[in-house]
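Q: Below, each chain spelled out in residue letters.
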Amino acid sequence: LAGGTAQSRSVSPKLRIYATFAAAGLTTGLVLGNTPLVALAAPFAALIVLGLVASKPRAPDLIFDLGADRVLEATELEAAIVIHGATGVAELELLPELPRGIASSCGAARLIVHVEPGQNRRFALPLIARRWGAYRLGGVHIRARDWFGLFAFDSHITASHALRVYPQPQGIRKLIEPFRTQPRAGGRASRAYGDGLEFADIRPFVSGEPTRRINWRVTARQRGLYVNDFRVERSSNVVLFLDTFGSAGGGDEVLDMAVRAASSLARACLVSHDRVGLVSFGGISQWITPGSDRAQAFRIIDTLLTSRITASFAPKDIDVLPPRSLPPQALVIALTPLLDDRAANALVNLRGRGFDLVIVEIPPPLSPLAGGSGEEELALRLWPLWRDALRFRYEQLGVSVVEWKPDRGLSELMEEARRFRRHAHRARV
Amino acid sequence: LILSGLATIAALSLAAYPLVGSGNDLAIGETLCALVALAAVAAALLKERPAAVAWLLLGFGLEFLIHDLTDGLPIAGNVLYTAGLLLLCELISAASLRHGTVFVERAVHVQQAVTLAGVTLAAALVALLVLLFGTVRLGSSARDGVAATTLGVLGITGLLALILRLQKRVASPSSRPG
Numbered sequence: 001l002a003g004g005t006a007q008s009r010s011v012s013p014k015l016r017i018y019a020t021f022a023a024a025g026l027t028t029g030l031v032l033g034n035t036p037l038v039a040l041a042a043p044f045a046a047l048i049v050l051g052l053v054a055s056k057p058r059a060p061d062l063i064f065d066l067g068a069d070r071v072l073e074a075t076e077l078e079a080a081i082v083i084h085g086a087t088g089v090a091e092l093e094l095l096p097e098l099p100r101g102i103a104s105s106c107g108a109a110r111l112i113v114h115v116e117p118g119q120n121r122r123f124a125l126p127l128i129a130r131r132w133g134a135y136r137l138g139g140v141h142i143r144a145r146d147w148f149g150l151f152a153f154d155s156h157i158t159a160s161h162a163l164r165v166y167p168q169p170q171g172i173r174k175l176i177e178p179f180r181t182q183p184r185a186g187g188r189a190s191r192a193y194g195d196g197l198e199f200a201d202i203r204p205f206v207s208g209e210p211t212r213r214i215n216w217r218v219t220a221r222q223r224g225l226y227v228n229d230f231r232v233e234r235s236s237n238v239v240l241f242l243d244t245f246g247s248a249g250g251g252d253e254v255l256d257m258a259v260r261a262a263s264s265l266a267r268a269c270l271v272s273h274d275r276v277g278l279v280s281f282g283g284i285s286q287w288i289t290p291g292s293d294r295a296q297a298f299r300i301i302d303t304l305l306t307s308r309i310t311a312s313f314a315p316k317d318i319d320v321l322p323p324r325s326l327p328p329q330a331l332v333i334a335l336t337p338l339l340d341d342r343a344a345n346a347l348v349n350l351r352g353r354g355f356d357l358v359i360v361e362i363p364p365p366l367s368p369l370a371g372g373s374g375e376e377e378l379a380l381r382l383w384p385l386w387r388d389a390l391r392f393r394y395e396q397l398g399v400s401v402v403e404w405k406p407d408r409g410l411s412e413l414m415e416e417a418r419r420f421r422r423h424a425h426r427a428r429v
Numbered sequence: 001l002i003l004s005g006l007a008t009i010a011a012l013s014l015a016a017y018p019l020v021g022s023g024n025d026l027a028i029g030e031t032l033c034a035l036v037a038l039a040a041v042a043a044a045l046l047k048e049r050p051a052a053v054a055w056l057l058l059g060f061g062l063e064f065l066i067h068d069l070t071d072g073l074p075i076a077g078n079v080l081y082t083a084g085l086l087l088l089c090e091l092i093s094a095a096s097l098r099h100g101t102v103f104v105e106r107a108v109h110v111q112q113a114v115t116l117a118g119v120t121l122a123a124a125l126v127a128l129l130v131l132l133f134g135t136v137r138l139g140s141s142a143r144d145g146v147a148a149t150t151l152g153v154l155g156i157t158g159l160l161a162l163i164l165r166l167q168k169r170v171a172s173p174s175s176r177p178g
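Respectively, the protein sequence lines represent chains P and C.
For reference, each letter of the first sequence is one residue, going 1 to 429 in our numbering.
For reference, each letter of the second sequence is one residue, going 1 to 178 in our numbering.
Bear in mind the hints are in silico, worked out from the structure with no lab data behind them.
Among the clues, some could well be false.
[Claimed, not checked] In silico SDA-like pairs for lysine to any residue, Cα to Cα no more than 25 Å straight-line:
hint : chain 1 : residue 1 : chain 2 : residue 2
1    : P       : LYS405    : P       : ALA344
2    : C       : LYS47     : P       : TRP287
3    : C       : LYS47     : P       : THR20
4    : C       : LYS47     : P       : ARG16
5    : C       : LYS47     : P       : ALA344
6    : C       : LYS47     : P       : ARG110
7    : C       : LYS47     : P       : SER10
8    : C       : LYS47     : P       : ALA109
9    : C       : LYS47     : P       : SER12
10   : C       : LYS47     : P       : LYS405
Here the structure is a predicted model, which means the values were calculated and not measured.
I would like the entire structure built from these sequences, with the hints used as guidance.
A: Printed below as a string of structure tokens:
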């Protein structure tokens, strides 16, 4: 970002105060014939004259170098401000406009520096990305002051730097195994037998089978040829379903956790060679059709970064989504606070259409009302019961609902879902 | 913190100096003025209000005037008081520009110290020169008095014109330098 815009010159309050004091002092001294009073006021008048004669400050050209356009959350960013002062500035104040999620890592976001004439200087401005998101850095306010601080020259540089801060990925030991895999090579052991690595079963030899599959120990014990069967490694379609209909508690905690979980799951699934897609279902719906290439992670996370909770009262169902965004027999991992009926019904609808569904419930941070009336307390007691009933309804459909709280890791969550799915019978809807 | 500390010391010295040698009958007026000035200094340093500089100038100016009218000040005292008052104003202005969390380069500190020292010395010099010129008698006739008064009035008028011009400049739209 080079050059300044919206430049203006201003007079400091000090100059006006000094001028008033000098005028008052000199007038009073003249009227009273009091030389000491004139001597008291004269230096102030002299300073003003000196300030007017001295060179006028002018904001120098500067370049704001962000250093990177994509960073991980909670990592430092080596931004820098490069100044070229043609005329030199006695005191140059720089105030970068930082968005909410970006802060100065050294604590001071305001710099006061000195620039000699014709000097190029580079000032490091270490920043830290505190929260994930897509940001546009809002420019730099510049104020150049003269030697006596009587005049200031203000300038503003409009920025066009976009910065994407990705959520810090959480480690997931083992993912949920989908009920069905796709006929493509991947990293998941499917139910089908074939050329794979994971041992599945032992069965009698059939003529024509490769001899390297023969299990010689069992063959010696059973007095007949037996072979090992292996599971074929296949991939699956995974769709991350983000409920952006609404949150509660007045903050973005639910969306924040949902985006963190979705980005970590997307990364982990792509490492397992699954095809991963995204559906952001809410006031404004977005989707990304499943894919497994390296760029898919960036596509998904970039879309997640722009996710917002948008209030909407329009009736909406999954019919609004294109069929390609939800491939048949895909594993759908829904991240939802289970607050909005439209999202809750859409999940039932998905299950009804035969999707393999797992719900990660992110409970909204609600606290009891202080001094609330009896009816409000009753409502607050009924609400958890209503949520329990909703969970029970899903579980009756063979859908595992796992509750995610900030103190639980995603691995623990996945393990709980896997445990439920191991014993749950698959209900017909 | 250093600037605030120096400003506090300067303010206390300025407030205490005329009170030490003042007479009992007018000490109340001077004390009140000194208190007003000290309150203004505190407001400027603690609440970061640069406009408080006006109040401290008023307080210390009145204190100085009352003391000078009643007891009088020696030339050295006058020079020191003037230099101290300007130094105090500069310290408060510098402190108000550095409020909050701000990174200030070492070169700025050095340059600020040099400027403060230079301004203080220059103020002392100007005050001394004015006091010395004030002792010179141009003449005893009424014409000389009128000429001196006219010159003074012209000077003050010029200063007032400058104030008005500065006020206009603040109100004018932003100028883009060529």
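Q: Could you tell me which of the numbered hints above are not met by this structure, giving the numbers in increasing order?
A: 2, 5 and 10
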